[in-house]
Amino acid sequence: MTEWLSQPWPWYIAGPLVGLMVPWLLYIGNKPLGISSSLRHTCAACFPGRIAFFQYDWKSEGLWNLIFVVGVFIGGFLGGSLFSNPDPIALSATTVTELRGLGISDFSGFVPSDFFSWSGLTTMPGFIMLVIGGFFVGFGARYAGGCTSGHAISGISNLQLASLVAAIAFFAGGLIVTHFIYPFIF
Amino acid sequence: MAHLKYLVTGLVFGFILTKAEVISWFRIQEMFRFHDIHMYGVIGSAVFIGIISIQIIKRFNVKDIHGEDIRIAPKDSTQMKRYVIGGLIFGFGWALTGACPGPLFALLGSGITIFIVPILAALAGTWTYGAFREKLPH
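First to last, the sequence lines map onto chains H and P.
Quick note: the first sequence, position 126, residue 126 per our numbering, numbers continuous.
Quick note: the second sequence, position 34, residue 34 per our numbering, numbers continuous.
Calculated from the structure, these hints are not laboratory results.
For every residue, glycine included, the Cβ atom is placed at its ideal position computed from N, Cα and C.
Some hints here could point you the wrong way.
[As the list claims (entries may be wrong)] Derived BS3-like pairs: lysine-lysine, alpha-carbon spacing no greater than 27 Å straight-line:
hint : chain 1 : residue 1 : chain 2 : residue 2
1    : P       : K81       : P       : K135
2    : P       : K5        : P       : K58
3    : H       : K59       : H       : K31
4    : P       : K63       : H       : K31
5    : H       : K59       : P       : K63
6    : P       : K58       : H       : K31
7    : P       : K5        : P       : K81
8    : H       : K59       : P       : K5
9    : P       : K5        : H       : K31
[Unchecked claim] If you anchor each label on the Cβ, the simulated ranges turn out as follows:
hint : chain 1 : residue 1 : chain 2 : residue 2 : range
10   : P       : Y40       : H       : S108      : 21 to 27 Å
11   : H       : P48       : P       : M1        : 24 to 30 Å
12   : P       : F48       : H       : G49       : 40 to 46 Å
[As the list claims (entries may be wrong)] Rough simulated footprint, nothing fancy, chain H against chain P, three-plus residues with beta-carbon under 8 Å:
hint : segment
13   : 5-13
14   : 25-33
15   : 50-63
16   : 81-90
17   : 108-115
18   : 118-131
Produce the complete structure using the sequences and hints provided.
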């Protein structure tokens, strides 16, 4: 009975469920789906300094979002640990072949432990992906005013031109790294 | 207690992200290499349902649970540079970490402790944006 909890869900089940998060959050509290604002709220709460961007009432504006993110963390524990899928991800054979060519050997989990591990952090590719990549995610999301959930899902759902432009730029940035940067850092 | 609903909703969201495997660096690479429909299917069908839902909310003037009008703040479409430049930088990070902010937290929750590093780096990136915001083109 609990099999569906540990098995991966096909896109036509998971995708619509993600989409339903948008009206659900609007319904239960008039809140827009978004994750990256939580990073700003954390800065505002913990180290605002004298930066104008972090001088606001983070509790009234963002406490719900921080709690939502704690929920995502717990959901990750349930889905990725307690009810984890024992099998490797069913990737396309072409992807596996190409990634092996980059030096990736462990395809067993969500991420390649070759680089996404504490020992991988000390390798050049691992450092670039984890530290520089993470920095870009935070910097870029705030610069663009949202991330994948806030722009690509929530914003486009509301037919916002700004969000469509942002989502196209997200994708273009990912293509540039995948096809022009990855061949050099591995 | 008033915020418990957001904890539960976030939990469900994180669980879905995990089961959809969109938190996987491998899946993101598969998408950027155009090898499989999976990620396009997830994002495309999510947006499809999102658009229909919001149209229903607007056309039928659906209220929230407190009986208030549902208000969705529009994005500022008068500025465009920020979406292009910031979006590209975010895209670099998305392909490098193989994760956007939601998945970063779900991955940490799944027990891959190294993800505290990109989360802290993302906080540093957010802080740096805040510090240099006035000097950046928007």
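Hints, one by one, checked against the model:
no.	hint	in the structure
1	K81(P) with K135(P)	13 Å, holds
2	K5(P) with K58(P)	23 Å, holds
3	K59(H) with K31(H)	14 Å, holds
4	K63(P) with K31(H)	13 Å, holds
5	K59(H) with K63(P)	25 Å, holds
6	K58(P) with K31(H)	15 Å, holds
7	K5(P) with K81(P)	36 Å, violated
8	K59(H) with K5(P)	17 Å, holds
9	K5(P) with K31(H)	12 Å, holds
10	Y40(P) with S108(H): 21 to 27 Å	25 Å, holds
11	P48(H) with M1(P): 24 to 30 Å	27 Å, holds
12	F48(P) with G49(H): 40 to 46 Å	42 Å, holds
13	5-13	holds (count 9)
14	25-33	holds (count 9)
15	50-63	holds (count 7)
16	81-90	holds (count 9)
17	108-115	holds (count 8)
18	118-131	holds (count 14)
The structure does not agree with numbered hint 7 stated previously, though it agrees with all others.
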